[in-house]
Amino acid sequence: MFTPFFFTLKAKKVPVSITEWMILMEALEKGCVDNLNDFYYLARAVLVKSETHFDQYDIAFQEYFNGIAPTLELTEELLKWLTDPQNRPQLTPEEIAALQKMDLEELIREYEKRLKEQKERHDGGNRWIGTGGTSPFGHSGVNPAGMLVGGPGGMRSAVRIAEQRYFRNYRSDITLDVRQLKVALKQLRQLNRVGLEDELDLDKTIDATCKNAGEIELKWKRPRKNSVKLLLLMDAGGSMEPFADLCSRLFSAANTLNHFKSFKYYYFHNCPYDVLYPDIQQRKGVSIEQLFKTLEPDYKVIFVGDACMAQSELLDRFGDIYFHGYQKMSGLERLKHFKSHFSHVVWLNPERSVLRSYPTVQAIKRLFPMYDLTVDGLNLAVKKLTTKR
Amino acid sequence: MDQKSFEQFKGSKDYVISDALKNAVNVSIVLQRPLLVRGEPGTGKTLLAHSIASSLGKELIRWNIKSTTKAQEGCYVYDTVQRLNDSRFGGKDVADIKHYIKLGKMGQAFTAPSQVVLLIDEIDKADLEFPNDLLNELDEMSFYIPETDETISAAVRPIVLITSNNEKELPDAFLRRCIFHYIDFPEPELMEDIVRVHFPNIKNSLLKDALESFYTLRKIDDFRKKPSTSELIDWIQALMASGMDGKIKDGEIPFLGTLVKKEADLDYYVSHNVKKKPATRGYNVSGN
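So the sequence lines, in the order shown, correspond to chains V and B. The first sequence finishes on residue 389 if you use the working numbering, and the numbering steps up by one all the way, no holes. The second sequence finishes on residue 288 if you use the working numbering, and the numbering steps up by one all the way, no holes.
There's no promise every hint is true.
To be verified - Covered stretches of chain V (in silico footprint by chain B; criterion: 3 or more residues with CB under 8 Å from a CB of chain B, positions within the stretch not fixed): (1) 5–13; (2) 229–242.
Said to hold, decoys possible - Here are the simulated DSS-like pairs of lysine-lysine, each with C-alpha atoms no more than 30 Å apart in a straight line: (3) V/186 / B/66; (4) V/10 / B/70; (5) V/383 / B/22; (6) V/204 / B/225; (7) V/13 / B/22; (8) V/204 / V/225.
Just so you know, the hints here were simulated from the structure itself, not pulled from any lab data. Just so it is clear, the structure is predicted and the values come from calculations on it, not from any experiment. We treat Cβ as the ideally placed atom computed from N, Cα and C, and that holds for glycine.
Using the sequences plus the hints, can you model the full thing?
Structure below.
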């Protein structure tokens with residue numbers, strides 16, 4: 001039953017397993033479902049184990065039980081623009097009355113027809129689907145028989161709930177808040193026994209007591225603590241401006257976590273050359289050669305940057321555009337230097353557009369594993385950092 | 001199972017519940033699988049267990065998880081130190097190891113003569129491997145005590161409710177075995193019901209003003225910790241006790257500290273919303 005739905009979910013990247021699917025079948029057999037509404041909640045409770053996947057579930061549900069054809073999956077951009085109640089026209093009652101009223105069926109047919117015809121976004125007219133117009137379709141319009149597209153609706157049928165995509169904000173492939181970044185970073189750990197001996201070592205206590213002919217002798221051991229040391233290197237260059245907020249969130253997550261044995265951070269511009277900067281203004285640099293003497297190779301290194309620069313900036317011996325003195329090696333050489341000094345290095349890239357195919361990005365990607373700066377990407381990166389090479 | 005045994009739980013007088021959650025609770029009862037409830041702190045995850053227990057007339061066994069809790073402790077604890085002590089200084093029969101096996105909360109739930117509700121509270125507080133260590137115990141509802149060569153298995157499978165604040169990701173294998181529900185933050189209408197459950201005699205005007213102010217605060221995305229239901233309840237209690245209303249006047253909110261707990265958030269609110277007192281505008285006449 002509903003087997004294609006299983007594959008629709010898979011296609012929408014909801015992580016469902018056979019086990020869970022069998023549980024759902026069991027629940028259906030036991031008569032837990034009266035209507036589609038129940039099914040919507042039941043299937044979600046059984047199959048989806050994180051609110052971050054609710055949105056994909058909604059899309060899949062919508063597609064499979066189709067009240068609305070999948071062509072209707074509005075792009076993020078269109079939705080954003082639709083919910084913006086700009087240019088709301090003020091119509092006189094006569095004008096409103098003059099607008100032709102259609103019945104619902106006619107309306108839906110007409111809607112699908114126009115959606116097919118419509119190629120671009122549209123504001124304030126009287127035909128296309130958009131905001132603030134008098135066309136029967138769209139948001140914030142004033143047509144009395146109008147149909148609401150993509151906004152909050154009143155009808156609470158299951159497909160409608162799915163259509164609302166209420167949980168869009170919980171998706172984890174979109175970057176989220178500091179807390180979630182913290183959760184991801186927390187997995188970056190290696191537990192070693194360090195510190196004061198204040199945990200009772202039972203086995204040794206028993207051993208010692210026996211050897212002591214029954215006279216109790218307590219033995220202690222050191223508790224386990226995280227031994228991971230983290231080095232965060234952030235690009236603070238001009239092309240990173242749009243991601244400044246994002247980077248500061250990652251920084252505050254790592255900085256306030258109080259989870260690592262040591263946490264160090266430095267800034268660079270486009271690409272690290274001879275020096276790194278302890279502050280974002282990049283005033284007083286610290287020589288990397290010096291740093292490598294104090295930073296042991298077991299530091300886990302996370303680069304954050306868009307890796308987009310002129311090829312000369314990466315490859316030329318004197319590629320640093322802000323520095324005109326002596327430069328020891330090219331950016332790429334320097335990155336290789338990092339790679340040979342540290343055992344675990346990853347690169348997080350906030351840029352997710354076409355710029356990702358830029359030559360310098362590709363070159364750096366060959367050097368370090370590169371991930372999106374999102375919760376999902378960070379999780380992958382952390383996994384990479386904790387695996388043995 | 002027939003229709004009758006389904007639809008058991010309908011919410012209780014003191015706990016307002018959404019359809020989706022009610023559905024999830026009942027499904028987990030029918031399928032005899034643990035229900036994992038996740039949500040912001042203060043959305044009533046723990047109270048849900050109390051509500052299930054009281055409305056179904058079952059005993060509630062609560063296992064509070066801390067960062068140091070080990071899975072084994074839920075099953076049983078072998079008090080070796082006590083035994084060692086007794087063997088040295090005399091006491092109970094040291095030869096019988098059973099005297100030193102104490103059942104944990106899960107063990108108590110399994111051995112209870114009738115069905116109980118077992119609440120495993122804040123599972124994400126524990127170590128990352130903790131949920132994995134519980135897989136078999138929750139699946140089979142039984143565990144083995146090697147010391148006494150005994151197997152404790154549940155005569156009646158308890159209703160298991162697990163709550164999580166999402167501080168740590170839970171392992172996939174564990175999630176696969178659970179029914180999942182995410183308690184979303186209540187819409188104003190549902191919130192009105194929830195407040196009325198706590199304060200049946202609340203004045204309509206006070207409720208309306210308080211909720212309005214509350215949801216205005218919730219909209220501030222820069223808060224590190226947004227005020228939640230339990231804070232709202234506390235706040236309304238303070239308002240009622242003092243006889244004030246919950247209106248925002250020039251950005252000032254009475255007892256703001258009960259709603260906003262973090263200092264940084266308080267500072268943020270005050271600096272962005274509280275209007276500076278006009279210096280040249282004469283007297284500010286306001287009747288209360």
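For each hint, the structure was consulted:
Here's how the region 5–13 of chain V fares: 0 of its residues keep a CB closer than 8 Å to some CB of chain B, so the rule of at least three is not met and the hint is violated. Residues of the region 229–242 of chain V with a Cβ under 8 Å from some Cβ of chain B number 0, which does not satisfy the need for three, so the listed coverage is violated. Taking the CA atoms of residue 186 of chain V and residue 66 of chain B, the gap is about 17 Å. The hint holds against a cut of 30 Å. Proposed proximity of residue 10 of chain V and residue 70 of chain B is contradicted: the alpha carbons are some 35 Å apart, above 30 Å.
With a C-alpha separation of about 37 Å, the suggested pairing of residue 383 of chain V with residue 22 of chain B is violated against the 30 Å cut-off. Between residue 204 of chain V and residue 225 of chain B the alpha-carbon distance is near 46 Å, which puts this suggested pair outside the 30 Å criterion. Of the supplied pair hints, the one linking residue 13 of chain V and residue 22 of chain B holds, its CA atoms being roughly 27 Å apart against a limit of 30 Å. For the suggested pair residue 204 of chain V and residue 225 of chain V, the alpha carbons sit about 21 Å apart, so the restraint of at most 30 Å is met.
Taken one by one, the earlier hints fail for this structure at numbers 1, 2, 4, 5 and 6, listed in ascending order.
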